[in-house]
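S.K.: Quick note, the sequences are listed as chains A and B, same order. In this text, residue positions in the first sequence follow our numbering: the first is 586, and each later residue adds one. In this text, residue positions in the second sequence follow our numbering: the first is -7, and each later residue adds one.
You can take every hint at face value.
Mimicking EDC-like on lysine to aspartate or glutamate, the simulated pairs with C-alpha atoms at most 16 angstroms apart in a straight line are:
no., chain 1, residue 1, chain 2, residue 2
1, B, 122, A, 692
2, B, 27, A, 593
3, A, 655, A, 692
4, A, 649, B, 14
5, A, 691, A, 745
6, A, 649, B, 20
Which chain B residues face chain A? A few, computed with CB under 8 angstroms, are given here:
no., residue
7, -1
8, 29
9, 33
10, 99
11, 107
12, 110
13, 119
14, 135
Treat the hints as calculated values from the structure; they're not laboratory data. Glycine residues also receive a C-beta, built at the ideal position from the N, C-alpha and C atoms.
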Amino acid sequence: MKKILKNDAFWFLFISVVITLVVYGLNTAKGAIVAKTVYATFFEVLDIIVAVSIFIGLFQVWVKPQTIVKLLGKGSGLKGFVLVCTFPILMGGSLFTIFPLLKALKEKGARIGAIASFITAWGGKAPLLPLESKFLGWPFALVRIGFVIIFAFVMGFLMDWVGDKTAQIKKEKSFLVEL
Amino acid sequence: MRAGTIYLLIALVLMAISSLKDRQKTKEAVKATFKIFYVVMPVLIFVFVLMGLIQAYVSREIIVSILGQKSGLLGILYAEIIGSVALFLPPAVFPFGGYLHDNGASYGAIAGFVFTAILIGVTTLPLELKLFGKRFTLARNLLTFGLTFVIAIIMERILS
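Chain A on its own, in the form it takes in the complex:
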């Protein structure tokens, strides 16, 4: 029982059922609308979700985090920057899963601009394209992914600029201390 209560999946389903039942109890017609929306959307996306889960599962196994760190850690310079702004688009997962990976990148000496670019590019979410195009159409999905690359580039430049400023302030401060 304790195990069930600690389970996010259980709570999401539990709350979903409770909300639907409460709405149904208050107003049968509105409850029916909620239930119908859930039912229709569920069967609309089920096959896509299964396919997307398989894509992300395969990617996770065949492209290990260590490989990514190695790949991106190697080329600083322009090539590394281009990689950092594009490659993460292919990755799945949530911010929770990529932050620890980025910590490793940082410890290997990656600039903060590269880290910020990585996070932004990861927002491209190519594995979710089937889902995005289904709900928002291909034009939206493709234009958005195009902008993600530009977004990641600009983000990298700006964050490096922010980082440089910090370094400068630190330098000045340490200079003051020495005095």
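Once you've looked at the hints, dock chain B against the given chain A.
M.R.: Relative to chain A, chain B alone:
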């Protein structure tokens, strides 16, 4: 043929190729697939309930007035704020965004919502602070919010 069926076929072909190349790795991939599905599906169902609630209680006119084309820059700003505080997993962002669009939200507002929902998270802030520090976290989230605003305006121009 349904688009979903085609994706499913592609996924199964990739799975088959993977298992020919490395059985052990493919087993791990199947396990990972089940785990992802198990994490994502309940959240999606919760989001579908939210969509149902909006369907039942919020009229199209309200969505149009807040997030529609005529709401302009303010609509994009609202959408970004919603996206920043929304506790969505990325796979739930698109169905919800699509639903809002079908009910009158502009492409610009949806772009604002999608980018901030994926890239800014109230729930991930503590971890980001811990791993990367105050300055990085503050700068990254503010810049993401600002740049999203610009991109959303351009996307609105291009798509509509």
